[in-house]
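Undergrad: Please model the complete structure; the sequences and the hints are all you need to start from.
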Amino acid sequence: MLGRVQHRDIVLRAVAAACKLVRQPSASSPSSDGDAEWNDFRMQVVTAVSEAFNNIVLHSYAGREDGIIEMDIRTRRNHISVELRDFGDSFDPDEIPKPDLDRLPESGLGMFIIKELMEVSYRPGRPNVLVLSKKFHDKDTKRYQGAPGRALSSSASRKTGDA
Amino acid sequence: MNVTIAAKEPGVSRIAIEGELDTVTVGDLRKQIDQMVAKEPKRVEVDLSALRMLDSSGVGALVSLYKRVRGYGGEVVMIGLRDQPLAIFRLLRLDRVMVGTDLAASSTGAQKQSSSNH
Chain D
1219 MLGRVQHRDI
1229 VLRAVAAACK
1239 LVRQPSASSP
1249 SSDGDAEWND
1259 FRMQVVTAVS
1269 EAFNNIVLHS
1279 YAGREDGIIE
1289 MDIRTRRNHI
1299 SVELRDFGDS
1309 FDPDEIPKPD
1319 LDRLPESGLG
1329 MFIIKELMEV
1339 SYRPGRPNVL
1349 VLSKKFHDKD
1359 TKRYQGAPGR
1369 ALSSSASRKT
1379 GDA
Chain G
9 MNVTIAAKEP
19 GVSRIAIEGE
29 LDTVTVGDLR
39 KQIDQMVAKE
49 PKRVEVDLSA
59 LRMLDSSGVG
69 ALVSLYKRVR
79 GYGGEVVMIG
89 LRDQPLAIFR
99 LLRLDRVMVG
109 TDLAASSTGA
119 QKQSSSNH
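Residue numbers (this note's numbering), protein chains in the order written: chain D, 1219 to 1381; chain G, 9 to 126.
Because the hints were derived from the structure by calculation, they are not lab data. It is possible that part of the hints are untrue.
[Claimed, not checked] 25 Å max Cα-Cα, derived SDA-like pairs, lysine to any residue:
(1) LYS75(G) <-> LEU1322(D)
(2) LYS1353(D) <-> VAL105(G)
(3) LYS75(G) <-> GLU1283(D)
(4) LYS39(G) <-> LYS1316(D)
(5) LYS1316(D) <-> VAL105(G)
(6) LYS39(G) <-> GLU1283(D)
(7) LYS1353(D) <-> SER1339(D)
(8) LYS75(G) <-> ARG51(G)
(9) LYS39(G) <-> GLY1326(D)
(10) LYS39(G) <-> LYS1353(D)
(11) LYS75(G) <-> PRO1317(D)
TA: Structure below.
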């Protein structure tokens, strides 16, 4: 699809739908169990992909409206990976400085959010290939574990160990 | 995104942001914030109870609002955060400094602006 921010909703709807394929409740788990974990998982994945799409449009293509973004979504039980390919300017995710949150930064937060929520791999080239992946752990398997892909929970009682 | 700005009482402005605050919509919000901040209200209440989605661009606009109002000695409180926007606030540790807990959800005032985008 064209790399325009207006097209991001299409991407996010597809990602949200794919997240449904990740969760396969066991026979011992009533369908309502794990809903909070799964909602958080879906929210994290959608948020990270949204930021990644923005980055490609705003930085790799730097405002061009004719750039192409290709996306593959791969799912298996308790795992999703989203591959985004673009033909714009490359970058090195590891060279993007981590924001100093105590200083209330107004920019430079996108890649930080992505890395906090999902595992990230990036290969520059033609195309640039960004892969975001994440495991899902419901309470029948394991609690969420630490970063990468650390908890982003809006639940009142957080079930994770990180603060 | 819908933005509603109301002057609750002298020196107090309330801004309600609904829908999605992101790269697509943030420009419109910034324009309205500029107009509100130019009047230097002593207190700004930001109602985010109907905000569904917040990205880093939207965070930048809210942090900018916070800094500008604080810069002239005003006060900013963010209320009603939930779901994904609340999670983003927590992830970026904004909940420790920017979120109020004392406000009722009322919106009245003589001055009202509204915009629709997206």
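Undergrad: Straight-line Cα separation of LYS75(G) and LEU1322(D) no greater than 25 Å?
TA: 9 Å, holds
Undergrad: Is the hinted pair LYS75(G) and PRO1317(D) satisfied, with a Cα-Cα distance of at most 25 Å?
TA: 17 Å, holds
Undergrad: Are the Cα atoms of LYS1353(D) and VAL105(G) separated by 25 Å or less?
TA: Answer violated: LYS1353(D) to VAL105(G) is near 31 Å, above 25 Å.
Undergrad: Run the distance test for LYS75(G) versus ARG51(G): straight-line Cα separation, threshold 25 Å.
TA: 13 Å, holds
Undergrad: Measure nothing beyond the straight line between the CA atoms of LYS39(G) and GLU1283(D); if it is 25 Å or shorter, mark the hint as holding.
TA: Judged against 25 Å, a Cα distance of about 24 Å means the pair holds.
Undergrad: Below or equal to 25 Å on CA atoms is what counts here, so check LYS1353(D) against SER1339(D).
TA: 15 Å, holds
Undergrad: Does the alpha-carbon distance linking LYS1316(D) and VAL105(G) stay inside the 25 Å limit?
TA: 20 Å, holds
Undergrad: Would you mind confirming whether the straight-line C-alpha gap from LYS39(G) to LYS1316(D) stays at or under 25 Å?
TA: 29 Å, violated
Undergrad: Between the alpha carbons of LYS39(G) and LYS1353(D), is the straight-line distance 25 Å or under?
TA: Violated - the C-alpha atoms of LYS1353(D) and LYS39(G) are around 40 Å apart, more than 25 Å.
Undergrad: For the pair we were handed, LYS75(G) and GLU1283(D), check the Cα-Cα distance against 25 Å.
TA: 33 Å, violated
Undergrad: Holds or violated: LYS39(G) with GLY1326(D), Cα cutoff 25 Å?
TA: Since the Cα atoms of LYS39(G) and GLY1326(D) sit roughly 21 Å apart, the hinted pair holds (cutoff 25 Å).
In this structure, the earlier hints numbered 2, 3, 4, 10 are contradicted, and the remaining ones agree with it.
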